[in-house]
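2 protein chains.
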Amino acid sequence: MTPNCSYDQLFQFTRSIFKAIGCPDADAETATRSLLSADLRGIDSHGVARLSGYVRLWEIERINARPNIHIEHETPSTAVVNGDRGLGLVVAPHAMQIAIEKAKQVGTGWVAVKNSNHFGIAGHHAMMALEQDMIGIALTNASALVAPTFSKDRMLGTNPIAVAVPAGKEDPFVADFATTTAANGKLELLQRKNEQTPSGWVQTKEGHASNNANELKEGGALLPLGGDREHGSHKGYALGAIVDILSGVLSGANFGPWVPPFPAYVPMPEQMPGEGIGHFFGAMRIDAFRTAESFKADMDKWIQSFKSAQTVEGQPRVIIPGEPEREMEAERRKNGIPLFDAVMNDLLELGKRFDVPFT
Amino acid sequence: MTPNCSYDQLFQFTRSIFKAIGCPDADAETATRSLLSADLRGIDSHGVARLSGYVRLWEIERINARPNIHIEHETPSTAVVNGDRGLGLVVAPHAMQIAIEKAKQVGTGWVAVKNSNHFGIAGHHAMMALEQDMIGIALTNASALVAPTFSKDRMLGTNPIAVAVPAGKEDPFVADFATTTAANGKLELLQRKNEQTPSGWVQTKEGHASNNANELKEGGALLPLGGDREHGSHKGYALGAIVDILSGVLSGANFGPWVPPFPAYVPMPEQMPGEGIGHFFGAMRIDAFRTAESFKADMDKWIQSFKSAQTVEGQPRVIIPGEPEREMEAERRKNGIPLFDAVMNDLLELGKRFDVPFT
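These protein sequences, in sequence, are chains A and B. So in numbering that gives the first Met the number 0, the last spot in the first sequence is 358, and the numbers never skip. So in numbering that gives the first Met the number 0, the last spot in the second sequence is 358, and the numbers never skip.
Just so you know, the hints here were simulated from the structure itself, not pulled from any lab data. Please note that a few of the clues may not be correct.
The list cannot tell twin chains apart, which means a pair is met if one copy fits it or any two copies do.
Straight line, CA to CA, 35 Å or less: simulated DSBU-like cross-link-like pairs of lysine-lysine [what the hints assert, rightly or not]: (1) K185 <-> K300; (2) K306 <-> K192; (3) K204 <-> K185; (4) K103 <-> K295; (5) K306 <-> K185; (6) K333 <-> K192; (7) K295 <-> K204; (8) K216 <-> K300; (9) K295 <-> K333; (10) K204 <-> K306; (11) K300 <-> K204; (12) K306 <-> K216; (13) K216 <-> K18.
With the hints as constraints, model all of the structure from the sequences given.
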């Protein structure tokens with residue numbers, strides 16, 4: 000591991016790289032904030048480690064650094080946004096803001112996005128709603144790595160769901176999770192440590208049970224949350240499907256096995272039915288249902304009751320969704336962000352190429 | 000098993016019972032349709048087997064047969080509905096209809112419901128959206144049987160999620176599932192057969208792994224989808240929590256460990272923070288996003304691609320959510336609905352008591 004970088008250091012550098020590929024200043028700032036929210040919250044697979052990946056997508060013109068992000072169709076509570084091949088890191092906050100504005104007008108706002116790219120972590124966008132006293136929702140589809148129950152084909156992405164809910168004295172509730180048993184980032188960690196996966200995470204290319212953390216490289220697949228039918232994988236499959244339909248089909252983006260891959264070297268699927276990657280955002284004004292004050296008092300009660308639930312022996316606490324990520328963020332803002340050497344080298348390479356010093 | 004009953008036979012009888020406890024004619028019809036949709040779709044635990052349970056709740060005045068179901072607060076896209084202690088079987092379609100009307104006006108409609116009771120199967124209500132070319136969503140909380148990850152306390156209900164999506168030539172996509180590894184009805188089946196549960200379904204009252212299908216009667220708990228932390232139970236816990244917050248906290252109903260139990264003999268929780276059980280409904284007009292025609296063509300493509308995915312050896316097909324229930328419904332409309340003797344005896348008892356012949 001390289002010595003920790005400070006958030007500000009990473010921010011300056013990343014913003015300069017986004018500017019260097021042609022992003023307008025405001026977009027470079029937005030993209031950086033989106034990307035580094037993953038590093039702050041401890042989702043290292045989705046943060047600055049991917050910066051060079053975004054640059055490679057820009058090189059092959061799958062990412063447009065100066066997109067004309069625009070509404071294609073709308074009603075008072077809905078919109079379809081065309082991301083114009085922009086960075087998902089920029090398109091997503093733009094679309095979430097539209098959802099928030101609609102919620103201000105008519106109580107809720109729902110925005111389906113097409114023609115976008117990878118948007119970083121879903122939770123970051125959902126959390127934009129919190130400061131408005133709204134519930135925020137963010138979904139995205141992703142390239143197919145997941146086999147539906149009973150199948151050996153990769154048909155769905157890890158298709159995450161994020162829901163952010165404001166509270167009063169307590170910190171907000173922020174759930175943000177892939178609809179698979181384990182996210183791809185968890186596999187990468189095991190690969191680095193040369194360890195096996197628990198049961199129910201992956202299967203072989205023939206669809207047999209496996210504990211091989213490298214199974215995806217050999218044509219295998221991730222498994223939907225639940226793992227197998229007996230343990231409810233048909234529910235994880237249904238969840239991934241719902242995310243795909245709302246993000247991909249409802250927007251006019253690609254869906255199912257046709258969602259474009261993140262690595263620039265992976266060939267694009269043939270006969271793609273839509274445009275780019277799809278996202279789906281929602282914002283619900285609390286006071287469109289009941290007063291924010293009474294809701295927040297009840298959310299505090301909800302959170303306190305779960306925090307004070309009795310734990311199983313040996314477990315220190317019952318966790319509220321979002322707590323570990325918030326604690327990680329506090330720690331990393333203070334002590335800096337650890338980077339693997341490979342990631343640091345990647346950043347130094349980028350810096351050299353675009354003449355951006357890493358200081 | 001008793002010889003199969005026809006749907007019409009069960010419908011006449013059930014409607015008469017609801018009328019006998021004082022439901023207005025239209026409500027008795029609505030309640031019967033809601034309740035028996037479970038029997039038709041093969042969710043036997045939620046159908047006519049529960050009729051006597053609803054009657055017992057009416058006896059102790061937890062169910063109001065002539066409720067004044069009304070909107071307490073609304074915006075163009077939202078409402079909070081007070082179910083006035085009505086049958087959830089009636090309150091839910093009423094609230095879903097409000098969501099649909101709002102979607103007609105402003106693109107989407109979102110209705111949180113408080114002061115309701117058990118609403119049968121979530122899928123039935125979500126499916127009301129289909130004939131309007133809308134996506135339908137139905138959620139409900141329920142009395143606490145599920146332990147959050149790391150806890151030994153029951154803090155959440157089986158809190159189901161239903162999402163219904165129209166297609167074109169293909170049948171609609173209808174997902175409807177509890178946010179636990181296995182629904183309570185599955186446990187009851189194993190109890191009848193005196194069999195053990197697979198791993199990850201239940202835990203003991205101390206929070207240890209168990210395969211005892213009777214564990215709930217001994218103070219144990221159902222487990223969130225995923226089973227344990229290593230297999231993603233924190234995601235199932237988050238899903239159950241989201242359903243609870245939208246259904247219970249957003250509406251002003253009870254939530255978490257305070258949701259009232261279905262069996263009339265189980266005492267009510269103390270110091271309840273809200274009113275009754277909570278539900279949450281959503282309706283999204285397809286053409287608030289893109290033309291229904293283009294959406295449905297893509298949904299057909301989605302469904303066909305999943306249907307034609309390669310199966311694991313020994314598995315006949317990849318299932319589209321809603322397919323097995325639709326096939327069951329076709330079969331049972333034709334050949335009738337099987338009832339356990341205990342259920343049949345229960346119905347005959349009810350018939351005697353309310354002077355309703357079972358013919």
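- Between K306 and K192, at a C-alpha cutoff of 35 Å, which is it: within one copy, between copies, both, or neither? Within one copy only: 33 Å inside a chain, 38 Å across chains, cut-off 35 Å.
- With identical chains treated as interchangeable, where does the CA-CA distance between K216 and K18 reach 35 Å or less: within a copy, between copies, both, or neither? Only inside one copy: K216 and K18 sit 34 Å apart there, 62 Å across copies, limit 35 Å.
- Item | Intra- versus inter-copy proximity for K300 and K216 (alpha-carbon distance at most 35 Å) | Classified as between; 28 Å across copies, 46 Å inside a copy.
- Alpha-carbon proximity context of K333 and K192, limit 35 Å: within (27 Å within a copy, 57 Å between copies)
- Item | Same-copy or cross-copy closeness of K295 to K333 [CA-CA at most 35 Å] | within (29 Å within a copy, 51 Å between copies)
- State whether the alpha carbon distance between K306 and K185 is at most 35 Å within one copy, between copies, both, or neither. both (26 Å within a copy, 30 Å between copies)
- Message: When Cα atoms must be at most 35 Å apart, do K295 and K204 count as within-copy, between-copy, both, or neither?
- Response: For K295 and K204, the Cα distance is within 35 Å only across copies (31 Å; inside one copy 48 Å).
- Query: Is it within, between, both, or neither for K204 and K306, if the alpha carbons may be no more than 35 Å apart?
  - Reply: Classified as between; 18 Å across copies, 42 Å inside a copy.
- Item | Identical-chain pair category, K306 with K216, by Cα at 35 Å | Classified as between: cross-chain Cα gap 25 Å, same-chain 40 Å, threshold 35 Å.
- Query: Taking 35 Å as the upper bound on the Cα-Cα distance, should K300 and K204 be classified as within, between, both, or neither?
  - Reply: between (47 Å within a copy, 24 Å between copies)
- Copy assignment of K185 with K300, given that the CA separation must stay at most 35 Å: both (33 Å within a copy, 32 Å between copies)
- With 35 Å as the alpha-carbon cut-off, assign the pair K204 and K185 to within, between, both or neither. Both. Shortest intra-copy (20 Å) and inter-copy (31 Å) distances satisfy the 35 Å Cα cut-off.
Violated hints: none; the structure is consistent with every hint.
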